[in-house]
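These protein sequences, in sequence, are chains A and B.
Numbering-wise (the UniProt record's numbering), the first sequence opens with residue 1 and increments by one.
Numbering-wise (the UniProt record's numbering), the second sequence opens with residue 1 and increments by one.
Hints are computed from structural coordinates only; laboratory data are not their basis.
Hints are not guaranteed to be accurate.
Distance windows between CB atoms, simulated [as the list claims (entries may be wrong)]:
(1) B/THR93 x A/PRO4: 38 to 46 Å
(2) B/GLN22 x A/THR100: 56 to 64 Å
(3) A/SER107 x B/GLU8: 30 to 38 Å
(4) B/THR87 x A/ASP83: 48 to 56 Å
(5) A/MET173 x B/ASN70: 36 to 44 Å
(6) A/THR100 x B/THR87: 51 to 59 Å
(7) B/ILE99 x A/PRO4: 49 to 57 Å
(8) A/THR100 x B/ARG39: 54 to 62 Å
(9) B/ASN112 x A/LYS60: 52 to 60 Å
(10) A/SER107 x B/ASN70: 32 to 40 Å
(11) A/ASP63 x B/THR66: 45 to 53 Å
(12) A/PRO4 x B/GLY103: 49 to 57 Å
Below, computed lysine-lysine pairings styled on DSS-like, alpha-carbon distance capped at 27 Å [what the hints assert, rightly or not]:
(13) A/LYS169 x B/LYS36
(14) A/LYS66 x B/LYS36
(15) B/LYS34 x A/LYS66
(16) B/LYS234 x B/LYS156
(17) A/LYS60 x B/LYS34
Each residue gets a CB set at the ideal place from its N, CA and C atoms; glycine is no exception.
What follows is each chain in one-letter form.
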Amino acid sequence: MRQPDELILEMQNGNEKAFARIYTLYSEALYGIVYSVVRDSDLAEETLQDVFIKIWNNSKSYDINKGRFFTWALNIARNTSIDATRSKAYKNSKKNLSTTNFVDIISSTDNLNKKTNSIGIAKFVERLKPVCIKIIDLLYFKGYTQVDAAKELEMPLGTIKTRNRNCIKELQMQVLG
Amino acid sequence: MTTTELIESGTLELYVCGALPQDEAQYVFEEIQKNKDVRSEVQRIENTLMNLSSEAAPALSVMNWTSILNAITRTRTLGKDTSSNTTNWGAITGWAAAIACVGGIFWMLNQNNELENQVTISTEERNMLEEELEASTDMLVANEALLDVIRSKDYKAYTLPGNQAVAPTAYSKVYFNNDTNVAYIDTKGLPEAPEGKVYQVWSLMLEPLTPTSMGLIDDNTLASNGVHKFENLKDAPQAFGITLEPAGGSESPTLSQLYTLGTTAP
Numbered sequence: 001m002r003q004p005d006e007l008i009l010e011m012q013n014g015n016e017k018a019f020a021r022i023y024t025l026y027s028e029a030l031y032g033i034v035y036s037v038v039r040d041s042d043l044a045e046e047t048l049q050d051v052f053i054k055i056w057n058n059s060k061s062y063d064i065n066k067g068r069f070f071t072w073a074l075n076i077a078r079n080t081s082i083d084a085t086r087s088k089a090y091k092n093s094k095k096n097l098s099t100t101n102f103v104d105i106i107s108s109t110d111n112l113n114k115k116t117n118s119i120g121i122a123k124f125v126e127r128l129k130p131v132c133i134k135i136i137d138l139l140y141f142k143g144y145t146q147v148d149a150a151k152e153l154e155m156p157l158g159t160i161k162t163r164n165r166n167c168i169k170e171l172q173m174q175v176l177g
Numbered sequence: 001m002t003t004t005e006l007i008e009s010g011t012l013e014l015y016v017c018g019a020l021p022q023d024e025a026q027y028v029f030e031e032i033q034k035n036k037d038v039r040s041e042v043q044r045i046e047n048t049l050m051n052l053s054s055e056a057a058p059a060l061s062v063m064n065w066t067s068i069l070n071a072i073t074r075t076r077t078l079g080k081d082t083s084s085n086t087t088n089w090g091a092i093t094g095w096a097a098a099i100a101c102v103g104g105i106f107w108m109l110n111q112n113n114e115l116e117n118q119v120t121i122s123t124e125e126r127n128m129l130e131e132e133l134e135a136s137t138d139m140l141v142a143n144e145a146l147l148d149v150i151r152s153k154d155y156k157a158y159t160l161p162g163n164q165a166v167a168p169t170a171y172s173k174v175y176f177n178n179d180t181n182v183a184y185i186d187t188k189g190l191p192e193a194p195e196g197k198v199y200q201v202w203s204l205m206l207e208p209l210t211p212t213s214m215g216l217i218d219d220n221t222l223a224s225n226g227v228h229k230f231e232n233l234k235d236a237p238q239a240f241g242i243t244l245e246p247a248g249g250s251e252s253p254t255l256s257q258l259y260t261l262g263t264t265a266p
């Protein structure tokens with residue numbers, strides 16, 4: 001998808017219709033990020049609302065000449081989600097949950113409303129190498145930097161980079177391109 | 001670094017994830033602007049990741065967008081409220097213009113009333129002037145008619161001298177037409193009649209002395225400017241006399257109040 005720069009500029013000028021189109025284009029991808037961190041539908045929806053309210057209120061701080069809009073919105077989504085998990089009530093309710101990642105979520109989610117072939121995707125992502133799952137989970141879903149991910153996975157920086165590329169390329173070529 | 005090297009390095013994947021340090025991200029951004037292949041690769045990576053996380057998203061309630069819209073609308077409304085604390089010059093100008101307009105209308109109404117009053121006064125003045133003009137014209141006509149009488153060869157003029165006993169300085173003049181038996185009497189030489197009294201004019205036949213009342217010196221006989229006209233005299237009188245009588249006149253002259261008397265004899 002080409003980045004819709006005109007829509008983004010319109011939104012920055014306060015055009016609600018442009019903002020609605022942005023929501024349609026990006027909400028699902030960002031919701032997946034939020035849900036993978038929060039893992040509670042109600043809280044995830046609330047958090048996603050906060051994410052888009054932040055996108056609207058801070059839209060002028062995004063500079064088309066400095067990076068991808070999706071990457072900018074991705075950062076807001078991850079940070080807002082992490083903030084949402086810091087409340088005491090959240091910690092108490094989730095303390096017994098085992099660590100989950102996007103593969104667990106995709107496998108367990110009832111994806112009848114999805115536009116892609118969900119059953120195929122679920123099967124495919126389940127077959128991803130464990131290292132791919134970990135790398136993509138940390139770098140994309142959890143927002144780790146390259147350095148932090150290298151430390152977490154005890155891998156050299158360069159290895160993280162190339163492995164990440166290969167894992168994404170595999171996804172791209174097989175199913176999600 | 002060549003384009004292929006950049007694409008193969010895995011840097012673009014980290015760029016889309018937001019995991020690159022700032023300086024490297026800036027370099028990738030510049031390459032995206034310059035190089036179509038890099039741009040396409042970044043878009044492909046972004047699509048893949050967006051599709052992946054979309055798959056991890058449960059069904060999203062349709063009310064979610066409504067809640068966001070309500071929230072941003074409320075924020076905008078509050079923003080407007082805050083801005084309403086600042087001076088609203090548009091509204092102030094509007095009200096000022098409205099007040100000035102109302103003031104202007106009252107001023108114009110006032111002016112209109114004044115002008116209407118002036119028109120009424122002017123109309124009254126014109127009417128008065130017209131009446132005066134009419135009166136002057138009437139008087140001019142009467143005077144001209146009188147002048148015609150005086151100049152006429154048909155009228156003979158007689159002066160009635162004052163009675164030495166009653167009014168030595170008084171006099172009156174009579175213009176008499178023998179053919180028509182019309183007499184004009186000029187009363188300029190008579191003093192003003194006191195209140196409750198009136199001058200009465202008599203025609204006299206001398207042999208025997210027979211006074212006949214011609215009429216009163218009043219508005220009924222006034223021809224013009226102190227000259228009175230008497231018509232329908234019986235015969236050509238031999239003398240004229242003027243007496244002062246009680247208002248309304250008398251049957252016979254009060255000789256003690258005879259002011260002027262004169263004969264028509266040559």
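Here is how each hint holds up against the structure:
no.	hint	result
1	B/THR93 x A/PRO4: 38 to 46 Å	holds (41 Å)
2	B/GLN22 x A/THR100: 56 to 64 Å	violated (31 Å)
3	A/SER107 x B/GLU8: 30 to 38 Å	holds (31 Å)
4	B/THR87 x A/ASP83: 48 to 56 Å	violated (39 Å)
5	A/MET173 x B/ASN70: 36 to 44 Å	holds (42 Å)
6	A/THR100 x B/THR87: 51 to 59 Å	holds (57 Å)
7	B/ILE99 x A/PRO4: 49 to 57 Å	holds (51 Å)
8	A/THR100 x B/ARG39: 54 to 62 Å	violated (35 Å)
9	B/ASN112 x A/LYS60: 52 to 60 Å	holds (58 Å)
10	A/SER107 x B/ASN70: 32 to 40 Å	holds (35 Å)
11	A/ASP63 x B/THR66: 45 to 53 Å	violated (30 Å)
12	A/PRO4 x B/GLY103: 49 to 57 Å	holds (56 Å)
13	A/LYS169 x B/LYS36	holds (19 Å)
14	A/LYS66 x B/LYS36	holds (17 Å)
15	B/LYS34 x A/LYS66	holds (14 Å)
16	B/LYS234 x B/LYS156	holds (17 Å)
17	A/LYS60 x B/LYS34	holds (25 Å)
Consistency note: the structure conflicts with the earlier hints numbered 2, 4, 8, 11.
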